[in-house]
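*Asks:* Sequence lines, in order, name chains A and B. Residues 1 to 508, numbered by our numbering, are exactly what the first sequence covers, in order. Residues 1001 to 1163, numbered by our numbering, are exactly what the second sequence covers, in order.
Bear in mind the hints are in silico, worked out from the structure with no lab data behind them. It is possible that part of the hints are untrue.
[What the hints assert, rightly or not] Below, simulated EDC-like cross-link-like pairs (lysine to aspartate or glutamate); rule was C-alpha separation at most 20 Å, straight line:
{"id": "1", "chain 1": "B", "residue 1": "Lys1082", "chain 2": "A", "residue 2": "Glu225"}
{"id": "2", "chain 1": "A", "residue 1": "Lys429", "chain 2": "B", "residue 2": "Glu1077"}
{"id": "3", "chain 1": "A", "residue 1": "Lys54", "chain 2": "B", "residue 2": "Glu1142"}
{"id": "4", "chain 1": "A", "residue 1": "Lys430", "chain 2": "A", "residue 2": "Glu225"}
{"id": "5", "chain 1": "A", "residue 1": "Lys430", "chain 2": "B", "residue 2": "Glu1077"}
{"id": "6", "chain 1": "B", "residue 1": "Lys1082", "chain 2": "A", "residue 2": "Glu224"}
{"id": "7", "chain 1": "A", "residue 1": "Lys102", "chain 2": "A", "residue 2": "Glu243"}
[What the hints assert, rightly or not] Here are some chain B residues the structure puts well away from chain A; computed CB gaps all over 10 Å:
{"id": "8", "residue": "Leu1014"}
{"id": "9", "residue": "Glu1156"}
{"id": "10", "residue": "Leu1158"}
For every residue, glycine included, the Cβ atom is placed at its ideal position computed from N, Cα and C.
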Amino acid sequence: MSVFGDLFYGLSVAATPQNLLVAVVGLVLGTVIGVLPGLGGTNGVALLLPLTFKLSPTAAIILLSSVYWGAVYGGAITSILFNIPGEPWSVATTFDGHPLAKQGKAGLALTAAFTSSFIGALVSIILFTFFAPPLAELALKFGPPENFAVLLMAFATFTGLGGANPWKTLFMTFLGLLLSTVGFDVVSGMPRMHFGLASLQSGINFVVIAIGLFGLGEIFLTVEEGLRIEGVKARISFRDIWETWSLFPRYVWSIVRGTILGFWIGVLPGTGATPASFMAYGLAKQFSRHPERFGKGEVEGVVAPETAAHAAGIGALLPMVTLGIPGSPTAAVMLAGFFIWGLNPGPLLFKEQREFVWGLIGSMYLANVIGVMLVLTLVPAFASINRIPFAILAPLIVVLSSIGAYAANNQVLDLWIMLGAGVAGYVFKKLGYPLAPLVVALVLGDMTEQAMRQALIMGHGSPAIFFTRPISAAFMAASLVLFLLPLIRLIWTKLRPKRPEAVPVEVA
Amino acid sequence: MRRAEAVVAGLLLLGAGVMLRQALKLPIGWTETGPGSGFFPFWLSVGVLLSGAVILVQSLRQLTAQEGAGADVPFLERRSVKPLLAVLLPIVGIVALIDYLGIYLGGFLYLAGYMRFVGRFRWPAILLVSTSIPLVLFFIFERWFLLPMPKGVLLETLLYGGR
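In isolation and in its complexed conformation, chain B is listed as follows:
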């Protein structure tokens, strides 16, 4: 946990540095229309960097002070890794392929896969749930509330004939 604390603080500082660079491309001082557009981002980046630096120092101190004490809990238990990845990886894959799958087909695959491999449901239950939920969502969003979602190549062709 303590090492994770320091690593995260370091990463956050890095991100803050990137934001600071963006801010420095803008006028950060006084212009003829008052404070420049970079004024606020610049000082905020400085604030992020300073507070982040304090957090990093705090975490490093803790890391060195109790090194070898061995009482630290790990940031992530080994047995938690698999269930976490089982939730995260499929959705990352679906978002990466969203232009092809769309949210409805993607949602169906995600639900079906998760129910099969994590929930160990039987196929009839899987098919019932994983098809009905995207269908209901489709009617709510596309038809009822007219909010267009990414539908993917297949569904787009089916609905609107590949226009």
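Bound-form chain A, shown alone:
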């Protein structure tokens, strides 16, 4: 069947009253999560995961993905009005968004953010719709060696393009994989690495770790920094919308760059919306005719990072759906949901779970249209959420995190693991250990081990099998380059004569 037939089928799945309702609930919740500081998209999705046990897999993925889109829109609201990034990917939006709000142009800045976010999303979804099926088709031909090589490339991208200290990235990747071996052996089913604790025999639950690292860790950081909220009031009038939209043709190139960059960065595992938004901001500034206006309230400085952030959010789901490899921590949490709902992530999904896959794709179109209308009309309501005092918010998020962590497995030990992960997340973040590789490696650990061991059995114990099969060899070569990229960069900068740096773009 053609892509269009599948797409119409997906839209019809997403448009059923129940799924539409789920999408709207997800969008509202997601926007609230995006607005609240200390409660991020990754953690929000993890906290909602136990509530999806009772839903059909299709409704569940629509709920979680809608939360993600909502969080992307919501992050922009606090960045612009309060100068507090509700999400890490909206930090770049504060640079010009808040100055605009202070000049009394909050409506303009918000409309620009939502509109560009929407355009970035829509174009990426179209790219997604046409890229996903052939990619899944290709992935169906993969055997264990190819699977392992692709997974290795995912880990290599973290090291090569993650931007953090490569040794710390490597360390976190190894640690995540190592933690995934706790519990039982995926191949023989024998218990192992459980330190004699019965509760550990079922393994370390990924959701518990994610809630600790991203939920509690973030709360600790917010508490330490102390939160002060000085807001600008805002309402979006039709005139604001009209005026902003009439400006948009000027930003075509920023939008095109932001979308392509964002989608591509999102697809690469190990990166995500946050670096995409910073890079798009940097590019927009470099290409601008008035770079001096950036940081003082340039609309293009809002448009570029917002486009890229939302495009990356969509892109991150592409490898998740087609290969079973999440492109971002949030996607990793969703992938953990696949196992809970009894689905096997990977290329077979397209063949066996047509309703699920195309329902998700269809809902991306609908949810983003609904989402942009929702935020444009309800900005004052969402902005007022930030009046909730932090002294209520902090303990509330901690209690919700505990419930979410307990619900994952119904055991008290998980609460301790969550607390431990929370403290660790706080320390790691302060010392620049990247969290994303740990989380993604933890969720991919079983798959990686299985692929590696099966491949070695196929090759009678010789690792040569990874290099003699063409597809696998290509991925292995790419992985090698990515792993060595930090070293290559180091040598490059040492050899090159010293020149003043071009505008440095910090990649978080």
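We have chain A already, so just place chain B on it with the hints.
*Replies:* Chain B only, in chain A's frame:
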């Protein structure tokens, strides 16, 4: 900050050593069913140890290179300690007593205490918020979604008559 960097790297290495010991209890070589169950954990532990060692060396070098420069920011400002402990300690206490308190009563105490001592709210507001949130959560999780949470001795007896 630099000292914290080195201390954390050292602690992480220690943890990796513990994992390595666990892995060594398993067959790490080739068995009749292919690589043994300890193969993957063993090599990963080695990877963790090696990369951790590099981080430790890096941090020690920084520590000695700029000792006395005095430009380092402390890992934790003195004034941040109290607010941090105010969030962390109560939840640790509640988790320790979870069999008695349960998550709902515990949540109520946590919210009420935090609002009182950190937020300096007045009692009516405290009572309203700290009772309504656990109640709403109770109905969502126990009744609506049928996800059993630890309820503690008191609530268990109240609901199910000490069965």
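*Asks:* For every hint, state whether the structure bears it out.
*Replies:* Hint check:
1. A hinted pair counts as satisfied when its Cα atoms are at most 20 Å apart, and Lys1082(B) with Glu225(A) qualifies at roughly 12 Å.
2. Between Lys429(A) and Glu1077(B) the CA atoms are separated by roughly 16 Å; this keeps the pair inside 20 Å, and the hint holds.
3. Under the criterion of a C-alpha separation no larger than 20 Å, the hint pairing Lys54(A) with Glu1142(B) is consistent with the structure, at around 13 Å.
4. A hinted pair counts as satisfied when its Cα atoms are at most 20 Å apart, and Lys430(A) with Glu225(A) qualifies at roughly 12 Å.
5. Distance hint between Lys430(A) and Glu1077(B) is fulfilled; the C-alpha atoms sit about 13 Å from each other, no more than 20 Å.
6. Restraint check: the Cα-Cα separation between Lys1082(B) and Glu224(A) comes to about 9 Å, which is no more than 20 Å; the hinted pair holds.
7. For the hint linking Lys102(A) to Glu243(A), the alpha-carbon distance of about 18 Å falls within 20 Å, and the restraint holds.
8. Interface exclusion of Leu1014(B) from chain A stands, the closest Cβ pair being 13 Å apart, more than 10 Å.
9. For Glu1156(B), the non-interface assignment is confirmed: its Cβ lies about 15 Å from the closest Cβ of chain A, beyond the 10 Å cut-off.
10. Residue placement check: Leu1158(B) keeps its beta carbon more than 10 Å from all beta carbons of chain A (closest about 19 Å).
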